[in-house]
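Protein chains in written order, with the working numbering: chain A, 72 to 318; chain B, 3 to 130.
Some clues are possibly wrong.
Just a few of them, taken from the derived set where beta-carbon distance is under 10 angstroms, the chain A residues facing chain B [unchecked claim]:
#	residue
1	G147
2	T159
3	E167
4	L168
5	I173
6	I200
7	N201
8	A214
9	R318
Calculated from the structure, these hints are not laboratory results.
For each residue, glycine too, the CB sits at the ideal point set by N, CA and C.
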Amino acid sequence: MKWRVIKLQTNDAFLNMAIDQAVSESVSRGAPPTLRFYKWKPSAVSIGIFQSVHDEVDIEKCNRLGVDVIRRRTGGGAVYHDNAGEITYSVIAKEELMPKGITESYHVICGWVVQSLAKLGIEAAFKPINDIIAGGKKISGNAQTRRGGVLLQHGTILHDVDVDKMFSLLKVPDEKIRDKMIAVVKDRVTRVLDFRHITQEETYQALVKGFTESKEWEFGQLTQIERQRAKTLADTFYKTEEWNFKR
Amino acid sequence: MWCRHSEIRSVKRRDILPIRLVAAIGHIKLKNITDSHLAMHVVATEKVSGGKLVRIKMDVDEVINSIQITGDFFCHPEHTVELIEAALVGLHVHDGLMKEKIEKALDGAQLIGATADDFVRIIRQAIR
């Protein structure tokens, strides 16, 4: 089955996560496997499904800076999605198209990210459980869920990252060592720009190439049903306190 | 009324995910909110070796009255974590069957970045 590739879009956090779910539902009903690339506007913090929002996020500061906060339906940790500094991908496909084992399927999909980075001359590798590292530092975080026979994996590729801003939005266990921790994190995170001085458009083009290699594919759009369903899910589920403050 | 508060900072700082690095500092914090039955609200956090962060929040007296398992681990399917929490309510913290209860709730679900043994250990750390 031909893959549908949805070109880079920019949406708010609630619509981005709702589109992932709406497409998962349509793939479950027989829509083609889908790759999507997207950005977040406004910038947002997403937390893993099992994380406590109050433990992880400075809600007041996010509100003050106009940063959205959303709970994902995938596990993993809190991520700051800077509007200018990163590109997110989603892979949505029937489970039968992917290895049955969770780690094996991370390996395959993260391999597509690695392939993409290789096209930019960046040597990267999958690091279980769900990271991709380049030059010994993290350049991409990834998270997966499986429901209704469909695998959804989304992940972020750091193009530029403002660690100071990120830490101002995320809680740290001890304020006294905040500065030290930021210094340590800065040393452990890397970005495409640290390797190659290229535009985000070039990174995006490399991602499209890396993800579609050896696949039958074509550019496509979200269907009207998917768009409507996503809007409903955003308004009635992903924007609700009941969901976002569940833990 | 009494309270005690301790922190342990011995967890290895080897993770690279920023939020997990925050967690990797690792702390176990006990906060005792007493009532006439010596009920406690306890919290224990651990960055599992080679795995993810797990934080247990419980209201306990003789038994676990309520429990929440949070963290950056993975569980497929995800709703299983709520089943595990439900299975733990009513158990004594040192109940010998705790691990079996968790495994029964898992019922083939996959925990990634933590194990049933990790949950049991962190629950017991919370009341130490």
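Hints versus structure:
Here the hint on G147/A is kept, as its CB sits about 5 angstroms from the closest CB of chain B, short of 10 angstroms. With its C-beta approaching chain B no nearer than about 16 angstroms, T159/A sits outside the 10 angstroms limit, and its interface hint is violated. Using the Cβ-Cβ criterion of 10 angstroms, the hint placing E167/A at the interface with chain B is not satisfied: the shortest such distance is roughly 16 angstroms. Look at L168/A: its Cβ only gets to about 17 angstroms from chain B, farther than 10 angstroms, so that hint breaks.
At about 6 angstroms, the closest approach between the beta carbon of I173/A and any beta carbon in chain B falls short of 10 angstroms, and the interface hint on this residue holds. At about 6 angstroms, the closest approach between the beta carbon of I200/A and any beta carbon in chain B falls short of 10 angstroms, and the interface hint on this residue holds. Hint on N201/A holds. Least Cβ distance to chain B is approximately 8 angstroms, under the 10 angstroms limit. A cut of 10 angstroms between beta carbons decides the hint on A214/A: the least distance to chain B is about 7 angstroms, and the hint holds.
Checking R318/A against chain B by beta carbon gives a least distance of about 5 angstroms; that is within 10 angstroms, so the hint holds.
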